[in-house]
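Asks: Numbering (the numbering used here), first residue to last: 1 to 105.
One should not assume that every hint holds.
Below are the DSBU-like pairs computed for lysine-lysine, each with C-alpha atoms no more than 30 Å apart in a straight line [as the list claims (entries may be wrong)]:
| # | residue 1 | residue 2 |
| --- | --- | --- |
| 1 | Lys24 | Lys51 |
| 2 | Lys64 | Lys16 |
| 3 | Lys51 | Lys82 |
| 4 | Lys24 | Lys82 |
| 5 | Lys16 | Lys82 |
| 6 | Lys16 | Lys51 |
| 7 | Lys18 | Lys51 |
| 8 | Lys24 | Lys64 |
| 9 | Lys64 | Lys18 |
| 10 | Lys82 | Lys18 |
| 11 | Lys64 | Lys51 |
| 12 | Lys82 | Lys64 |
None of these hints come from the bench; they were simulated from the model.
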Amino acid sequence: VAALLAAHCDVNAQDKSKGTPLHKAAENGHAEVVAALLAARGDVNAQDANKNTPMHNAAYNGHKGAVAALLAARGDANARDKHQWTPLHLAASEGHTEAVAALLA
1 VAALLAAHCD
11 VNAQDKSKGT
21 PLHKAAENGH
31 AEVVAALLAA
41 RGDVNAQDAN
51 KNTPMHNAAY
61 NGHKGAVAAL
71 LAARGDANAR
81 DKHQWTPLHL
91 AASEGHTEAV
101 AALLA
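Taking the hints into account, I'd like the entire structure generated from these sequences.
Replies: Put into structure tokens, the structure is as follows:
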């Protein structure tokens, strides 16, 4: 990731479903990559084709560290996906109590 950022890659590039590198890092719980992408001006509130933000992805998968990093970067904890679910709804529905606690802090 550091090499790509040093080469000035587009940190907000989108795949076919409009997901960004930040969506993928958050989805997989890579808090250190989330932080690096945010430092490189990754869009903390980017929405994919389903209106999911990186926060939705982190919360759904229970990645407390990624949720915390996104919140610290002013990620919108109240963003709604195409089903009108917030990251809190997703974390709670999957039983991710630590992510729920981070979102409520």
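Asks: Could you work out which earlier hints the structure fails to respect and list their numbers in ascending sequence?
Replies: none
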